[in-house]
Structures are given as C-alpha cells and as structure tokens.
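Enquirer: Going down the list, the sequences are from chains A and B. Residue numbers for the first sequence follow this note's numbering, beginning at 1 and rising by one. Residue numbers for the second sequence follow this note's numbering, beginning at 1 and rising by one.
Treat the hints with caution; some may be incorrect.
Derived lysine-lysine pairs resembling DSS-like cross-links, with alpha carbons at most 27 Å apart [as the list claims (entries may be wrong)]: (1) B:K27 / A:K246; (2) B:K27 / A:K227; (3) B:K27 / B:K15; (4) B:K291 / B:K276; (5) B:K187 / A:K246; (6) B:K276 / A:K223; (7) A:K161 / B:K83; (8) A:K219 / B:K187.
Derived list of chain A stretches under chain B, where covered just means 3 residues or more per stretch with a C-beta under 8 Å from a C-beta of chain B [said to hold, decoys possible]: (9) 133-145; (10) 160-170; (11) 217-230.
These aren't lab readings, by the way, just hints derived from the structure by calculation. For each residue, glycine too, the CB sits at the ideal point set by N, CA and C.
The chain contents come next:
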Amino acid sequence: MKVLVCISHVPDTTSKINFTDGDTKFDTNGVQFVINPYDEFALTRAMWFKEKQGASVTVVNVGNATTEPTLRKALAIGADDAIRVNTEATDGFFVAKQLAEVVKNGGYDLVLAGKESIDYNGGMVPAMLASILDFNFSNACVGLEIEGTTATISREIDGGKEILSASLPLVIGGQKGLVEEKDLRIPNMRGIMMARKKPLNVVEPVDFDGTTSSASFEKPAPKGACKMVDADNVDELISLLHNEAKVI
Amino acid sequence: MSVLVYAESSEGKFKKVALEATSYGKKVAEQLGTNLVVLTINADETSELNTYGAEKILSVKNDALKSLDAKVIANVIKQASEKEDASVVIIDSSANGLTVAPMVAVSLNAGFASNVVAAPSSTSPFVVKRKAFSNKAFNNTEINTTVKVVGLAKNSFGLHENASSGSTEDFSPSIIESGMTSTSIDKTVGTVTIADADIVVSAGRGLKGPENWGMIEELAEVLGAATACSKPVSDMDWRPHSEHVGQTGKPVSSNLYIAIGISGAIQHLAGINSSKVKVVINTDPEAPFFKAADYGIVGDAFEVVPKLIEKLKSFKANNA
Ligand SMILES: Cc1cc2nc3c(=O)[nH]c(=O)nc-3n(C[C@H](O)[C@H](O)[C@H](O)COP(=O)(O)OP(=O)(O)OC[C@H]3O[C@@H](n4cnc5c(N)ncnc54)[C@H](O)[C@@H]3O)c2cc1C
Numbered sequence: 001m002k003v004l005v006c007i008s009h010v011p012d013t014t015s016k017i018n019f020t021d022g023d024t025k026f027d028t029n030g031v032q033f034v035i036n037p038y039d040e041f042a043l044t045r046a047m048w049f050k051e052k053q054g055a056s057v058t059v060v061n062v063g064n065a066t067t068e069p070t071l072r073k074a075l076a077i078g079a080d081d082a083i084r085v086n087t088e089a090t091d092g093f094f095v096a097k098q099l100a101e102v103v104k105n106g107g108y109d110l111v112l113a114g115k116e117s118i119d120y121n122g123g124m125v126p127a128m129l130a131s132i133l134d135f136n137f138s139n140a141c142v143g144l145e146i147e148g149t150t151a152t153i154s155r156e157i158d159g160g161k162e163i164l165s166a167s168l169p170l171v172i173g174g175q176k177g178l179v180e181e182k183d184l185r186i187p188n189m190r191g192i193m194m195a196r197k198k199p200l201n202v203v204e205p206v207d208f209d210g211t212t213s214s215a216s217f218e219k220p221a222p223k224g225a226c227k228m229v230d231a232d233n234v235d236e237l238i239s240l241l242h243n244e245a246k247v248i
Numbered sequence: 001m002s003v004l005v006y007a008e009s010s011e012g013k014f015k016k017v018a019l020e021a022t023s024y025g026k027k028v029a030e031q032l033g034t035n036l037v038v039l040t041i042n043a044d045e046t047s048e049l050n051t052y053g054a055e056k057i058l059s060v061k062n063d064a065l066k067s068l069d070a071k072v073i074a075n076v077i078k079q080a081s082e083k084e085d086a087s088v089v090i091i092d093s094s095a096n097g098l099t100v101a102p103m104v105a106v107s108l109n110a111g112f113a114s115n116v117v118a119a120p121s122s123t124s125p126f127v128v129k130r131k132a133f134s135n136k137a138f139n140n141t142e143i144n145t146t147v148k149v150v151g152l153a154k155n156s157f158g159l160h161e162n163a164s165s166g167s168t169e170d171f172s173p174s175i176i177e178s179g180m181t182s183t184s185i186d187k188t189v190g191t192v193t194i195a196d197a198d199i200v201v202s203a204g205r206g207l208k209g210p211e212n213w214g215m216i217e218e219l220a221e222v223l224g225a226a227t228a229c230s231k232p233v234s235d236m237d238w239r240p241h242s243e244h245v246g247q248t249g250k251p252v253s254s255n256l257y258i259a260i261g262i263s264g265a266i267q268h269l270a271g272i273n274s275s276k277v278k279v280v281i282n283t284d285p286e287a288p289f290f291k292a293a294d295y296g297i298v299g300d301a302f303e304v305v306p307k308l309i310e311k312l313k314s315f316k317a318n319n320a
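Please model the entire structure based on the sequences and the hints provided.
Expert: Written as structure tokens, this is what we have:
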C-alpha cells in the first residue's frame, strides 16, 4: 500500500498573529512553524500502517523552500520520502489541484490529511482533493483500519459517530482519535540523523488560476473588561446574563 | 441568475444553521438584485424557509439520500445550482456542510470561502470576511470565479425573518452511486450537541477528576446546554474526545460559554473565542481566562457551581 500524508506548515499554536504591508500579509517575524496538529495524527497513523502492514509513506507539502524543515521533521518521525510542490500555497482549491497531480503521478492508494490547517482553517483541501480525484472520502475521521483494499472508517457526525466501509483509493480528513494524543510520535536523535539522508524531491506546480485571493486581514475588536461578580452573589450573575447579556 | 442555499434537515426538521443560511442567502440575493432559491432534501415541512426569505423551494424526497455520503449530496446541490443558474451557493457549517461545500466548489469549478462571518462587503469584486488563524483574525477573501461557494460560520449572521410567499417545487435529480457503505450510526439522543448548542458549559482540570462532573452535567441540564471540556481533560479520559473544545478540538460559537476550572490557555481560547458571551469561574484571579471573559467569578467551583444550579432552578421556575 502506498500512503501519502499531506503536511501543512503552520504557525505554532502559541504564536502571536500580526500582519504587515498594510494588513495584507501574515507577519512571520518571530513565528515558529510546526507540522499542523491535525496532520500529526494522520502521520502517526501512517507510521502504524508502515510498521504493521508494510506500507510505504510519503509526505507532501505545497509551499516554498521555507517549509522544508517541517517536511524534514516528518521524515524524522519516520516517513520514507518527501515531496515539496514548489509554489506559494495561495488558496485551498489551488493546493488541492497540486496535490491531485502528486497523487496521480505517484499512484497512492491512501491519502491522509488533517481535517483542517490551523492557519487559514479552510477545512477544504481534503474534500476538494477527493473530489478532483473522484476517490472515496471521509472527513472528521477518528479511526481507520485497512484490510486488503477495504477501509473501515470511524468518523464523527453531528451528535455521534458513524462506522463506514469503503474501498481504496481513499482520502481521509483526520483528527485526534485516528491515534491517541499519547501515541503521537516526536522525532528522536536517530530519526533526525536518518532524515537528513532521505529523499526530499522538489517538483514544479501545474498551472491553475487562483479562484480566490486574500484582500486583507483584520484583527478582532479589543474586548471590554471582564465584569467581576462576587462568589457569594450568583444571583447577580444570573441577573446580568438575563437582563444585560440576554443569553438566558 | 439566482442565489442558492442548501438548507440541511435532520429527521425532517431544519436546524438553526439552515435557517441562518437562508437568512444570509436572502441578504446576498438582495445585494445582487436576484431571487433566493432554497434546496432541501427529505424535509417534512418547508414553509419555515419562506419565513426567512426563500422565494422558491426545491424539495427533493428520496430515501437514497438518507445516507450521509457527502459526494452524493454534493452532486445533488450541483444539479440544483445548474438548474437555477445560481451565481452564489451558500452552505452552512454543520459537520455535513463542511464536507459537502468543498466538493460542490470543485464540481462547479467555483472559488470557495469557508467560515464566512458576514454578508459580502462588496459584490463586484465579491468580497467576504472569514475567520482565520483559529479566531485570532479575519481574512477578507475575494472570490474571483463566476460561480461562488460560501460556507457560512455558525451563529455569525443570525436569524432574520423576511417573509416571502415562495413556491415549492418537487425536484428529482439523478442520484450518483455512493462508494461508501454505512455500517452503523451511533447517535446520542436527548443530549444537546456542542455544534447545535446555544449554551455550552465547559470544565477543565480544575475539577480534579471525572467523578466531579455530576454538577457540570446538572448545570448543563438546567440551562439546556451542551457539555464540553479542555484538552487535558479529554487526554486523561475524564471525558470523551468529542467534548474537547479549542484550537485542536471542536470550535464553539455559542451565545453563552461558561468555563469552570479552565485556565484560559491561548489554544483553548482560540477555539471558543467566537462565542458571544463568556463566563469564567476560577479560584485563581490571575487566570488568563479573565482577560477573555465578559463575566467572572473568582471562587471555588465546588462551592459556586452548586449555588448557581440552585439559583438557576428558581430563576427558571419564575421565568417559565
Ligand atoms: C499544540 C497544542 C494544542 C492545544 N490545543 C488545545 C485545545 O484545543 N483545547 C484546550 O483546551 N487546550 C489545548 N491545549 C492545551 C492548553 O495549552 C492548556 O494546557 C489547557 O487548555 C489547560 O487546560 P485546563 O485549563 O483545563 O487546565 P489548567 O491549565 O491546569 O487549569 C486549571 C484551572 O482550574 C483552576 N482551578 C483549580 N481548582 C479549581 C476549583 N476548585 N475551582 C475553580 N477553578 C479551579 C486553576 O486555577 C486553573 O486556572 C493545546 C496545547 C498545545 C501545545
């Protein structure tokens, strides 16, 4: 089985979000970039398929050269090789088109992605990719087993869980549950050494006109001060929520 | 030309998000000087959609669509949008909506903006404001294609009545085959889900252990609220993963979010920030949550919560 894991390169969750150039660009100054948290669950699940079922695991990112340390980290966690599509990731549809090309050229059976990336939170790439390739697709995936060419998928739905079966090829939008938090892999020294020698192939993008563009960014309006209520006076809280905030 | 809204129903009834998407669709149709068409699948009663501005309703009834395969539903939406010559297609942010919308965009070769929070600030160029960086910012996104797909964030535009006397038309699209077989569905009935809830009661590590969640559940029950928790609480298996909220868990955009024994770490706040009103109950007056909250009580949850339950019960009894 050939597994492709899509890796998004995102600001660390503690990053301060600021913009430059008249609020048109994200200010990367002082920002640490990491593997998108949702993608870590997908990558760790892929390692399980590699170790237990002999799958090969390739990681891919659509981005410029600055994302390579993130791909190297994925290699250090255990992926066999990496692909970087050498272009600016400008919009979700564009990224999905580029990934579809990688999947077609590489003949992957299973594509694992995180259900969204924590920078633009589009949540669109996995579903778009499945749609372009006409592969089966499950979002919000919290469990995945593969036997032969059949996948058993557990996914979250509004108010519960659903178990599905589908044949490969398949695209998954994953999250916690795909593996448990405590089972997430972090690179060790040996992994980091080995990662330096693993192939990281740079490929050029295919032409596709952007369907959306970013006009500008804004930050939320600053919040007023918190109104404090005495712990012995919960009646006042109830009255504020009823009369002032009008939420109960 | 038209604006098309897909109004999702569950067990034949519309969810609030479907009516919100309809309200939003009406606004966009007015801005574009065109009509609002609303597509429904297996809904019992559609007149509610007229209340929120639907000028035409396409009603699909087909048991094959009871399965939730997004690919099949996306294809029905595509057929409806082509039939109605829709220039904007609007889909809500329910779990299904989030999966269906990107597929609709691909099939219509349309630009897609998700998590949109406001009516277009301009229609030519077509610019919408969407959430970005896990609620730490917004992005004004221009959609450049002829047909545009908009995913509306929950509780962002609100419900706006706008009665119209629309017609309802039976619509029988062709149904493509699904490659997925659903083998079981396990839904908790009778409890409010985080996605649907107007009020969410959430608790953190300050509760000390899973045995103390009785009062959290009781408070939620009095308020008709969903229960949620911080990440470490679900990592330690005190509560199920489905309750984990925050940047790497479920997003919350309820009217009221009550945080009990939660410190207010940046990753937690990122996920719940778009809730309208936030209340924090915490023993530590320096807890960062107080900077993000609207109302706060410095106090011990084990004393404050039982009092709050008791007082809310009498408040509810008097205001019923
Ligand atoms: C990559 C990454 C992603 C993350 N994503 C998320 C996420 O999505 N969601 C999330 O929640 N966290 C997330 N976190 C974790 C986050 O950083 C915090 O560790 C977590 O939110 C803390 O949970 P807590 O507030 O329950 O616990 P603590 O930080 O331990 O806070 C407990 C609070 O309870 C108070 N308390 C103690 N006793 C009482 C009492 N008797 N009555 C009232 N108050 C009391 C304390 O004063 C304290 O403020 C993430 C972290 C990382 C690194």
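Enquirer: Does each hint fit the structure? Answer for all of them.
Expert: Comparing the hints with the structure gives:
For the hint linking B:K27 to A:K246, the alpha-carbon distance of about 25 Å falls within 27 Å, and the restraint holds. Simply put, B:K27 and A:K227 have alpha-carbon atoms about 35 Å apart, too far for the 27 Å limit, and the pair is violated. For the hint linking B:K27 to B:K15, the alpha-carbon distance of about 19 Å falls within 27 Å, and the restraint holds. A threshold of 27 Å between alpha carbons decides the hint, and for B:K291 with B:K276 the separation of about 15 Å falls inside it, so the pair holds.
This hinted pair does not check out: B:K187 and A:K246 have alpha carbons roughly 31 Å apart, beyond 27 Å. Distance hint between B:K276 and A:K223 is fulfilled; the C-alpha atoms sit about 11 Å from each other, no more than 27 Å. Proximity of A:K161 to B:K83 is assessed by CA-CA distance (about 34 Å); at most 27 Å being required, the pair is judged violated. Among the hinted pairs, A:K219 with B:K187 is inconsistent with the structure: their alpha-carbon atoms are about 37 Å apart, more than 27 Å.
With a cut-off of 8 Å between beta carbons, the stretch 133-145 of chain A has 6 residues touching chain B; three or more are needed, and the interface restraint holds. Counting residues of the stretch 160-170 of chain A whose CB lies closer than 8 Å to any CB of chain B gives 8, which reaches the minimum of 3, so the coverage claim holds. Counting residues of the stretch 217-230 of chain A whose beta carbon lies closer than 8 Å to any beta carbon of chain B gives 11, which reaches the threshold of three, so the coverage claim holds.
Violated hints, listed in ascending order, are 2, 5, 7 and 8; each of the other numbered hints is respected by the structure.
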